[in-house]
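**Q** So you can see what is in the structure, the chains are spelled out below.
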Amino acid sequence: MRDDDHLPIELRRAVDALRETPRIRPEWIASITERAAADRIDAVRSPANARRWSLDARVAIAAGLVCVAIGAGGMYLALGGRSASPLNAPTVAATASLAGNTPVRFTLVAPGAVKVQLVGDFNAWNPVALPMRRTGNGSTWEVEVGLAPGRYTYAFVVDGRLARDPSAAQAASDDFGVPSSVLLVKGGGT
Amino acid sequence: MKCLPVVSAALSLLSAALDAQSPTLPSRLGPEAVAAIERVIDSTRAAGLPTAPLFDKAAEGVLKGADDQRIVVAVRGLARELTEARSVLNSSSDAALLGATASALHAGASVSDLRQIVRPTTGEAPDTHALATAFVALTDLVTKRVSPASATGAVRELLKRRASDGDFAALRGEVDHDIRGGIAPDVALSNRMRTHVQVLDAMPLDRGPVKRPPPVE
Chain A
1 MRDDDHLPIE LRRAVDALRE TPRIRPEWIA SITERAAADR IDAVRSPANA
51 RRWSLDARVA IAAGLVCVAI GAGGMYLALG GRSASPLNAP TVAATASLAG
101 NTPVRFTLVA PGAVKVQLVG DFNAWNPVAL PMRRTGNGST WEVEVGLAPG
151 RYTYAFVVDG RLARDPSAAQ AASDDFGVPS SVLLVKGGGT
Chain B
1 MKCLPVVSAA LSLLSAALDA QSPTLPSRLG PEAVAAIERV IDSTRAAGLP
51 TAPLFDKAAE GVLKGADDQR IVVAVRGLAR ELTEARSVLN SSSDAALLGA
101 TASALHAGAS VSDLRQIVRP TTGEAPDTHA LATAFVALTD LVTKRVSPAS
151 ATGAVRELLK RRASDGDFAA LRGEVDHDIR GGIAPDVALS NRMRTHVQVL
201 DAMPLDRGPV KRPPPVE
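These protein sequence lines map, in sequence, to chains A and B.
Going by the working numbering, 133 is the number at position 133 of the first sequence; the sequence numbering is gapless.
Going by the working numbering, 199 is the number at position 199 of the second sequence; the sequence numbering is gapless.
Note that these hints are calculated values from the structure, not bench results.
Being a predicted model, the structure only gives us computed values, none of them experimental.
By construction, the Cβ of each residue, glycine as well, lies at the ideal position given by its N, Cα and C atoms.
One or more of the hints may lead you astray.
Quick list of simulated restraints, FRET-style, between CB atoms [stated by the list, open to error]:
(1) A:Thr102 / B:Val73: 32 to 38 Å
(2) B:Ala52 / A:Pro103: 37 to 43 Å
(3) A:Glu142 / B:Ser164: 22 to 28 Å
(4) A:Gly177 / B:Ala184: 46 to 52 Å
(5) B:Pro31 / A:Val104: 17 to 23 Å
When the alpha-carbon atoms are kept at most 16 Å apart in a straight line, the in silico EDC-like pairs for lysine to aspartate or glutamate are as follows [what the hints assert, rightly or not]:
(6) B:Lys144 / A:Asp165
(7) B:Lys160 / B:Asp186
(8) B:Lys160 / B:Glu124
(9) B:Lys144 / A:Asp174
(10) B:Lys144 / B:Asp165
(11) B:Lys160 / B:Glu84
(12) A:Lys186 / B:Asp201
(13) A:Lys186 / B:Asp165
(14) B:Lys144 / B:Asp176
(15) B:Lys144 / B:Asp201
(16) B:Lys160 / B:Asp201
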């Protein structure tokens with residue numbers, strides 16, 4: 001005898017369906033694990049944001065605004081009162097910041113990994129700055145970074161653990177007990 | 001003239017804002033470690049050497065969970081190796097080459113060995129990028145327990161034959177493969193070098209991409 005015997009059959013089926021224990025899908029587990037790993041890295045590694053701002057952000061913003069205002073005023077005077085297109089300045093700045101950098105693609109085969117990040121001299125070893133994305137085959141992770149000519153030491157953070165790039169030269173320094181890799185980005189003049 | 005103080009203040013603020021972008025040490029470091037590292041950085045800067053590698057080394061140490069004392073020791077060691085590297089390179093100011101040379105010294109190569117690579121007694125002196133590539137390969141080999149003498153000799157032979165970046169990378173990969181397969185590091189290097197030298201010697205110096213030698217099993 002059920003307590004819903006008085007209900008129509010369709011409603012009883014619906015009630016039965018709601019009473020069933022939901023199936024746990026693998027992608028839900030992966031998602032939860034990924035978030036937990038991210039929280040763990042953030043908690044443990046956040047002090048590594050080495051290139052922190054040594055100036056109060058509000059002061060820096062205020063300085064920027066003053067400079068922009070002075071620059072705009074100067075431009076206005078130089079142009080004899082004509083207005084300059086506000087879109088020009090950011091475009092030029094963006095172009096300048098990319099000039100001279102070589103796009104470098106970092107890849108790592110890590111089939112079982114949930115989260116992979118790139119750390120190195122180019123991002124002050126900050127584990128949250130350069131997350132890598134999984135490619136279509138599901139096991140290779142990659143990220144592209146614009147780098148100026150130079151020598152860089154780097155490593156991958158695979159689910160919170162450091163790993164060197166197996167396809168690159170190994171760095172000499174084992175000062176900290178965890179090996180790193182080395183990358184040389186060729187300059188135009190060498 | 002009334003606008004002069006405003007411009008002056010704006011320039012001061014701009015200068016402060018620009019200064020804010022210069023690298024600083026990781027906030028996790030204690031005050032004693034920061035003071036010690038800053039002294040090393042100041043003397044390195046005064047010597048005209050790049051200081052960015054020292055900031056990077058400190059950040060690397062923090063990420064890898066090293067304690068403050070270990071990080072200070074590593075930064076001091078790197079500063080010393082950068083100084084030695086410059087003496088090897090004859091005051092070269094190329095930061096990448098300085099770093100690669102310092103790393104080779106750290107791995108165990110001697111100053112005299114590296115000087116022979118930089119200034120060979122016969123043939124042309126290699127260019128900056130070729131030298132940096134050679135030192136990165138040398139460091140990798142020594143880190144994999146090839147003796148410094150054998151590794152130094154190998155990169156000299158390859159540089160003499162104008163080996164490409166790809167040649168150095170191939171040699172590294174092959175030797176690594178052999179060592180993992182149980183071959184003694186120096187033997188692995190010697191075997192692989194024989195093949196590389198044969199291939200390079202058979203090609204004209206103005207060659208294009210070098211065909212990879214077949215694996216030695």
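**Q** Hint by hint, say whether it matches the structure.
**A** Taking the hints in turn, this is what the structure says about them:
For the hinted restraint 32 to 38 Å between A:Thr102 and B:Val73, the CB-CB distance of approximately 33 Å keeps it satisfied. Remark: the range hint 37 to 43 Å for B:Ala52 to A:Pro103 is contradicted by a beta-carbon distance near 21 Å. Checked against the given bound of 22 to 28 Å, the beta carbons of A:Glu142 and B:Ser164, roughly 25 Å apart, stay inside it. Range check, A:Gly177 to B:Ala184: Cβ separation about 25 Å, and the 46 to 52 Å hint is violated.
Between B:Pro31 and A:Val104 the C-beta distance comes to about 37 Å, which lies outside the given range of 17 to 23 Å. Pair hint B:Lys144 plus A:Asp165 holds up; C-alpha atoms about 14 Å apart against a cutoff of 16 Å. For the hint pairing B:Lys160 with B:Asp186, the CA-to-CA distance comes to about 20 Å; that exceeds 16 Å, so the pair is violated. With a C-alpha separation of about 8 Å, the suggested pairing of B:Lys160 with B:Glu124 holds against the 16 Å cut-off.
Taking the CA atoms of B:Lys144 and A:Asp174, the gap is about 12 Å. The hint holds against a cut of 16 Å. Distance hint between B:Lys144 and B:Asp165 is unfulfilled; the C-alpha atoms sit about 19 Å from each other, more than 16 Å. For the hint pairing B:Lys160 with B:Glu84, the CA-to-CA distance comes to about 24 Å; that exceeds 16 Å, so the pair is violated. Between A:Lys186 and B:Asp201 the alpha-carbon distance is near 26 Å, which puts this suggested pair outside the 16 Å criterion.
Restraint check: the Cα-Cα separation between A:Lys186 and B:Asp165 comes to about 10 Å, which is no more than 16 Å; the hinted pair holds. As the CA atoms of B:Lys144 and B:Asp176 are separated by approximately 7 Å, the hinted pair is consistent with the 16 Å bound. For the hint pairing B:Lys144 with B:Asp201, the CA-to-CA distance comes to about 27 Å; that exceeds 16 Å, so the pair is violated. About 10 Å separates the Cα atoms of B:Lys160 and B:Asp201, which keeps this hinted pair within 16 Å; it holds.
Hint compliance for this structure: hints 2, 4, 5, 7, 10, 11, 12, 15 are not met, and every other hint is.
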